[in-house]
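Novice: Just so you know, the sequence shown maps onto residues 1 to 117 in this note's numbering.
Calculated directly from the structure, the hints in this document are not laboratory data. Where hints are given, some of them may not hold.
[What the hints assert, rightly or not] Straight-line Cα separation of at most 25 Å, DSS-like style, residue types lysine-lysine; simulated pairs:
no.: 1; residue 1: LYS15; residue 2: LYS108
no.: 2; residue 1: LYS108; residue 2: LYS2
no.: 3; residue 1: LYS52; residue 2: LYS62
no.: 4; residue 1: LYS68; residue 2: LYS52
no.: 5; residue 1: LYS15; residue 2: LYS33
no.: 6; residue 1: LYS15; residue 2: LYS62
no.: 7; residue 1: LYS15; residue 2: LYS38
no.: 8; residue 1: LYS33; residue 2: LYS108
no.: 9; residue 1: LYS108; residue 2: LYS68
no.: 10; residue 1: LYS38; residue 2: LYS2
no.: 11; residue 1: LYS52; residue 2: LYS33
no.: 12; residue 1: LYS2; residue 2: LYS68
no.: 13; residue 1: LYS103; residue 2: LYS15
no.: 14; residue 1: LYS2; residue 2: LYS15
no.: 15; residue 1: LYS2; residue 2: LYS62
[Claimed, not checked] Okay, the calculated beta carbon distance ranges per label pair:
no.: 16; residue 1: ALA5; residue 2: VAL84; range: 36 to 44 Å
no.: 17; residue 1: GLU13; residue 2: HIS61; range: 15 to 23 Å
no.: 18; residue 1: ARG72; residue 2: THR98; range: 29 to 37 Å
no.: 19; residue 1: PRO49; residue 2: SER80; range: 35 to 43 Å
no.: 20; residue 1: ALA5; residue 2: HIS61; range: 18 to 26 Å
no.: 21; residue 1: GLY67; residue 2: SER9; range: 17 to 25 Å
no.: 22; residue 1: SER86; residue 2: GLU30; range: 14 to 22 Å
no.: 23; residue 1: LYS103; residue 2: TYR57; range: 14 to 22 Å
no.: 24; residue 1: ALA111; residue 2: ASP63; range: 17 to 25 Å
For clarity, every value in this text was computed on a predicted model and none was experimentally measured. The beta carbon of each residue, even a glycine, is placed where N, CA and C say it ideally should be.
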Amino acid sequence: MKELAVANSIYPEIKAQGGEIVAITAGTPEEIKAAAGKLGLDFPFLADPEFKAVDAYGLRHKDAIPGKDGVRPATVFLHSDGTVASIIQPENYRFVDTVEMLKDGFAKALAAPVTSP
């Protein structure tokens, strides 16, 4: 959850530059609303209990809990057209993005050319 606090700390700056932060979780909308309120998070969440967005970004963690899949922590930077600019997905799930990493990834996504499939 620390990565959410880091993202929240730079959310106003990212928004001011025309960017957006969205957290994707397998939780229900009710669970997300409660958690975001408890943590004081300002950016939107996407409830993805069916793992559609999670699978689209390759973030499913099969059997994270025996018999239940989870979501691998990752930061995905998208171009304005929705294509992936880059992904930060550490091997160690305890790793937390830094403010500098998020700012750098966002700046690179803005600067990188959009490539058509």
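Novice: LYS108 and LYS2: Cα distance at most 25 Å?
Specialist: With a Cα-Cα distance of about 23 Å, the restraint between LYS108 and LYS2 holds, given a limit of 25 Å.
Novice: Between LYS2 and LYS62, is the straight-line Cα distance small enough, at 25 Å or below?
Specialist: holds (23 Å)
Novice: Within a Cα-Cα threshold of 25 Å, do LYS15 and LYS38 meet the stated pairing?
Specialist: holds (22 Å)
Novice: For the pair supplied as a hint, LYS52 and LYS62, confirm whether the alpha-carbon distance does not exceed 25 Å.
Specialist: holds (14 Å)
Novice: With respect to the beta-carbon atoms only, verify the hint that SER86 and GLU30 lie 14 to 22 Å apart.
Specialist: The hint (14 to 22 Å, Cβ to Cβ) is violated, given that SER86 and GLU30 are roughly 32 Å apart.
Novice: Is it true that the C-beta distance of GLU13 to HIS61 lies inside 15 to 23 Å, as the hint says?
Specialist: For GLU13 and HIS61 the Cβ distance comes to about 30 Å; the hint is violated.
Novice: So does LYS103 sit 14 to 22 Å from TYR57, Cβ to Cβ?
Specialist: Because 21 Å falls inside the window, the suggested range holds.
Novice: Taken at face value, is the distance from the CA of LYS108 to the CA of LYS15 at most 25 Å?
Specialist: The hint holds at about 16 Å.
Novice: Taking the beta carbons of ALA111 and ASP63, is their distance inside 17 to 25 Å?
Specialist: violated (38 Å)
Novice: Per the hint of 29 to 37 Å, is the separation of the Cβ atoms of ARG72 and THR98 within bounds?
Specialist: violated (19 Å)
Novice: Quick one, are LYS38 and LYS2 close enough, alpha carbons at most 25 Å?
Specialist: Holds, at about 13 Å.
Novice: Does the structure keep LYS15 and LYS33 at a Cα separation of 25 Å or less?
Specialist: Roughly 21 Å between the alpha carbons, so the hint for LYS15 and LYS33 holds.
In this structure, the earlier hints numbered 6, 8, 9, 16, 17, 18, 19, 21, 22 and 24 are contradicted, and the remaining ones agree with it.
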